[in-house]
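Just so you know, the protein sequences line up as chains H and P, in that order.
Each step along the first sequence adds one to the number in the working numbering, with nothing skipped, and position 157 is 157.
Each step along the second sequence adds one to the number in the working numbering, with nothing skipped, and position 63 is 63.
Mixed in with the good hints there might be a few duds.
Interface residues of chain P toward chain H, partial, derived using beta-carbon atoms under 10 Å [said to hold, decoys possible]:
id	residue
1	L76
2	A77
3	R128
4	V161
5	E341
A few chain P residues facing chain H, derived, Cβ under 7 Å [to be verified]:
id	residue
6	L162
7	V166
8	E170
9	R171
10	E293
11	A296
12	I324
13	V333
14	A334
Below, computed lysine-lysine pairings styled on DSS-like, alpha-carbon distance capped at 27 Å [as the list claims (entries may be wrong)]:
id	chain 1	residue 1	chain 2	residue 2
15	P	K302	P	K351
16	P	K154	H	K302
17	P	K175	P	K351
18	P	K175	P	K154
19	H	K351	H	K175
20	H	K214	H	K154
21	P	K350	H	K350
22	H	K350	H	K175
23	H	K302	P	K175
24	P	K175	P	K302
25	H	K302	P	K302
26	P	K302	H	K351
27	H	K154	H	K175
Hint data in this document are derived by calculation from the structure and do not stem from the laboratory.
Remember, predicted model here, so these are calculated numbers, not experimental data.
Glycine included, each C-beta is placed from N, C-alpha and C at the ideal position.
Protein chains: 2
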Amino acid sequence: MRIIIMAGGSGTRFWPASRESRPKQFLNIIGSRPLIEQTFHRVAPLAGERNIYLVINALHRELTEKIFEQRQVNILAEPVGRNTAPCIGLAAIHLRCEAGDGPMVALPADHFIADEDAFRSTLSAAARLAQAGGIVTIGITPTRPETGYGYILKGAEQEPVLSHPVFRVERFVEKPDLPTAGEYLASGRYLWNSGIFVFTPNTILQEIQQHLPKVYEGLVTLERQLNQAGYQATLEEIYAGWPSISIDYGVMEQTTRPVSVLPESFGWSDVGSWEALYELRREERSEQNNVVEGSALLVNTKSSFIYSQTDRLIATLGLTDVLIVDTLDGVLVADLRRSQEVRRFTEELKKRNWTQFL
Amino acid sequence: MRIIIMAGGSGTRFWPASRESRPKQFLNIIGSRPLIEQTFHRVAPLAGERNIYLVINALHRELTEKIFEQRQVNILAEPVGRNTAPCIGLAAIHLRCEAGDGPMVALPADHFIADEDAFRSTLSAAARLAQAGGIVTIGITPTRPETGYGYILKGAEQEPVLSHPVFRVERFVEKPDLPTAGEYLASGRYLWNSGIFVFTPNTILQEIQQHLPKVYEGLVTLERQLNQAGYQATLEEIYAGWPSISIDYGVMEQTTRPVSVLPESFGWSDVGSWEALYELRREERSEQNNVVEGSALLVNTKSSFIYSQTDRLIATLGLTDVLIVDTLDGVLVADLRRSQEVRRFTEELKKRNWTQFL
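The following block holds chain H by itself, in its conformation from the complex:
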């Protein structure tokens, strides 16, 4: 089994801690190690270090090499981010060439998993299913009418694999509006799309050929250049011409091939916002429900999250549900319950051309 850790995201919802030069997956926002390193250690027992591929943005090559300097992991650097379809395609041609057509697991670098044994066991079952040419995904049982995720409509239950229940996927659906999300939740027939997919390189490359022919064309050109002198130049040229498109939208919502889903039972979070991180770190909460990382002096403050990357003092007075993120060159103060909107700052900074804060 090969594991592709997709680490090309920009992490704008974690601004100002997450920056272009060090996005979310490179931050140790949970525990003492960066999320990408935690993801690596989570899957290493399953596949072995040499069978893990990190797909990163070229901007972060040095950072990645530093984190993994003692490891035998493979690093594929994309010249620019083009979302998950090109990322998975790139990994697939490398795998097909270097390792044959065994199952490949593609998963995001920045998720939190509570039960790592259960997680690995689920991936093993998914890999078993994918070996026969299927597309397999992991679905998360919804607990709220979330509008930030895609959903999967479950179809008929199939034979369990390695004692994991398996369902046919009826269809993948885009991020819904709030009433629709409420209906999905109430129906009990939908799962969240975790963004974790398992298939073989040939399977996914055939799908890309069918549904994303322009991406496929580039992949074929690239595959011919693998291990040759012109590879890097070709890679840059091809990425420049590719659209930015997700595997969900580009392939999963289009495919006519049977897709299976394994409902998750390992405790999952995509750590999608400062508020989600605050919830994940609830064990650290004070009596007043504050989570504090850094040097702080709190007076009459409750249900707040203070996250500091500096040794500056953060003092608060009379606050509830407030998020404070302190970094060397800036501080964010926000309503913690609105932390999904934090991504607006990077948009606004781009508009104003205040690039030093991106």
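Given chain H, put chain P in place with the hints provided.
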């Protein structure tokens, strides 16, 4: 006329901008010059630079000399702060020796005055009254049931002086609780104690002799050492032994001498809290009622005050009535309406011995 600018305060309600090394009166929190410099320029036309005495804490001698390096002001440095009675006593012995027994105006360095001409005219009238041996104070017409000030109960109206109305002071009262402050406000018979007093050196030294004999004894010792080699050592010894006591409590509330009060009509604020400063700077308010000093990016933020001493970016999202003060080594985030409580931080920092933030 001589003017004593009392600049020994610690300004703890303006922490973390106000620090032991540079308290409130040395900050340019309104306009581009420090409050002490604004106070100096406000009274200089009245008395002339040479007749102005700054009483500061010795900690701030260098800072003061730098601000006033082009000026001919007198600087008296107290070895430690002992509140206003010792401060005024010290100035009085210097004045008696250097300038005779003309009227001396004692006023805080950190107040805001809207109409400076009216202010000077009021001080002129007060000085005229004080010349005859009286004690004169300036009273502020209350506009809210403030519990942070002392009050003055007005007595009989007297002859106007330089067309300023004058009242006899019935008595000085301590800071009241809220119900009492409400009664004072409703009665129409009370004024706020502005902390501005006018008398001659002999008058106030006689009062100190009568009501604060220990302070007087020190002053007499000091007076004998004026312009002599042992002065500085004596000053330090005497200050170390003095109690910390205000002129209001130590003299004004005790005196049997007739005291007059001139009600103010010049627009006054003691700039007593971040919220008071926010109100004073209302002309700078944005459409969302935000006052911003520094580099900021505000999203869905209203009625908030952002004050930065750094070039760091301050980003806010979804806030109302919030105060953010950014300094090189710390940031304060508080409910703007509770900014009176900011002084609690310096108490707490002392308790924890986090002296670097004081």
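Verification of the hints:
no., hint, verdict
1, L76, "violated, 34 Å"
2, A77, "violated, 30 Å"
3, R128, "violated, 46 Å"
4, V161, "violated, 45 Å"
5, E341, "holds, 6 Å"
6, L162, "violated, 45 Å"
7, V166, "violated, 42 Å"
8, E170, "violated, 38 Å"
9, R171, "violated, 36 Å"
10, E293, "violated, 15 Å"
11, A296, "violated, 10 Å"
12, I324, "holds, 6 Å"
13, V333, "holds, 5 Å"
14, A334, "holds, 4 Å"
15, P:K302 to P:K351, "violated, 34 Å"
16, P:K154 to H:K302, "violated, 45 Å"
17, P:K175 to P:K351, "holds, 26 Å"
18, P:K175 to P:K154, "holds, 16 Å"
19, H:K351 to H:K175, "holds, 26 Å"
20, H:K214 to H:K154, "violated, 31 Å"
21, P:K350 to H:K350, "violated, 43 Å"
22, H:K350 to H:K175, "holds, 25 Å"
23, H:K302 to P:K175, "violated, 31 Å"
24, P:K175 to P:K302, "violated, 32 Å"
25, H:K302 to P:K302, "holds, 21 Å"
26, P:K302 to H:K351, "holds, 22 Å"
27, H:K154 to H:K175, "holds, 16 Å"
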